[in-house]
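S.K.: Dock chain B against chain P, hints included.
Those protein sequences? They're chains P and B, same order as listed.
Here the first sequence stands for residues 1 to 128, where the numbers follow our numbering.
Here the second sequence stands for residues 1001 to 1128, where the numbers follow our numbering.
If you're looking for bench data, these hints aren't it; they were derived computationally from the structure.
Keep in mind it's a predicted model, so treat the numbers as computed, not measured.
The beta carbon of each residue, even a glycine, is placed where N, CA and C say it ideally should be.
Treat each hint with caution, since some may be false.
To be verified - One-sided and incomplete, this derived list gives chain P residues near chain B with beta-carbon spacing under 7 angstroms: (1) Pro40; (2) Ser68; (3) Val77; (4) Ile79; (5) Arg92; (6) Ala94; (7) His96; (8) Ile110; (9) Ala113; (10) Gln117.
Claimed, not checked - Non-contacting residues of chain P with respect to chain B, defined by C-beta distances greater than 12 angstroms in every case (computed): (11) His16; (12) Ile24; (13) Ala32; (14) Arg34; (15) Val58.
2 protein chains.
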Amino acid sequence: MTTPESATRQTVQAYHQARFRGDIATAAQQLADRFAFRSPFIESDSPTGHLAGIEQLVQIIDRIEMISDLYSGTDAVLIYNLHTSTPVGVQRTAEHFRLHEGRITTINLIFDASPWQTIMAGAGLQTL
Amino acid sequence: MTTPESATRQTVQAYHQARFRGDIATAAQQLADRFAFRSPFIESDSPTGHLAGIEQLVQIIDRIEMISDLYSGTDAVLIYNLHTSTPVGVQRTAEHFRLHEGRITTINLIFDASPWQTIMAGAGLQTL
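Isolated chain P, as found in the complex (with noise of 0.2 angstroms):
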């Protein structure tokens, strides 16, 4: 029987797989028509407009550590450790998804920008 708990664990953890290994479309399958996405660093309320540096992003990524996964019949968090092999070293992160029938609207990536300010300042990089 699927809950729908294990509904929206099977449309996160499908997201959460394809963005990881840069598989765009099948990421963008689990989001809602209306989405929006806030990081530090980016607001985008397109599909696909957060993923646009994601290769990027997995190239700098050694290793993905879960540390919780939590999931109800519309929210689900994510917590990991991101290890990059950048001087960031271990990036502590929190991910909260909210789902509509059975798809991702909203995605809320919360980790401590900080280092990574410090990191473009150095490279004359503007972040804000």
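M.R.: Relative to the frame of chain P, chain B by itself:
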């Protein structure tokens, strides 16, 4: 009937409510003897070390907007917006709890510390 999920919820909510009304004693009662806390600014393995500054924090919080709370037998995550009366404004926050035998063993607080860094740098405070 008390499920593992509802027991987790009860402990985490008791901590959450007590902490934000500045009731350190009740908050600390929810923590295990072996406990570790981690945030962008604090690493502590004392049950009350991370609560030392809670009274000042409470004073700058206008309201706590809960976005999502999820529970399992061993883990919980709270996603909330902390509306502050500081130039930081709204702090988007994720808080991950792990529990053992009904008490909290770790808290992992995740938020973007960049806005605070800017304020503290302006005030000549050292944070890292």
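S.K.: Hint by hint, say whether it matches the structure.
M.R.: Hint check results:
The criterion of a C-beta within 7 angstroms of any C-beta in chain B is met by Pro40/P, whose closest approach is roughly 4 angstroms, and the hint holds. About 5 angstroms separates the beta-carbon of Ser68/P from the nearest beta-carbon of chain B, less than 7 angstroms, and the hint is met. A hinted interface residue such as Val77/P counts as satisfied when its beta carbon comes closer than 7 angstroms to some beta carbon of chain B; here the least separation is about 4 angstroms, so the hint holds. For Ile79/P, the interface hint holds, since its Cβ comes within 7 angstroms of a Cβ in chain B; the closest pair sits about 5 angstroms apart.
Proximity of Arg92/P to chain B holds as hinted, the smallest CB-CB distance being about 6 angstroms (cut-off 7 angstroms). Annotation: interface hint on Ala94/P holds; nearest CB of chain B at approximately 3 angstroms, less than 7 angstroms. Interface hint at His96/P: satisfied, since its Cβ lies 5 angstroms from the closest Cβ of chain B, which is below the 7 angstroms cut-off. With 7 angstroms as the threshold, the beta carbon of Ile110/P comes within range of chain B, its nearest partner Cβ sitting at about 5 angstroms, so the hint holds.
The beta carbon of Ala113/P comes within 5 angstroms of a beta carbon in chain B, closer than 7 angstroms, and the hint placing it at the interface holds. Evaluation of the Gln117/P hint against chain B yields a held restraint, the C-beta minimum of about 5 angstroms falling below 7 angstroms. The beta carbon of His16/P is kept farther than 12 angstroms from every beta carbon of chain B, the shortest such distance being approximately 15 angstroms. Distance to chain B confirms Ile24/P as a non-interface residue, since its nearest Cβ pair spans about 25 angstroms, more than 12 angstroms.
Here Ala32/P stays apart from chain B, with its beta-carbon at least about 17 angstroms from theirs, past the 12 angstroms limit. With a least CB separation of 18 angstroms from chain B, Arg34/P remains clear of the 12 angstroms interface cut-off, as annotated. Annotated as non-interface, Val58/P keeps its C-beta farther than 12 angstroms from every C-beta of chain B; the closest such distance is 21 angstroms.
The structure shown violates none of the earlier numbered hints.
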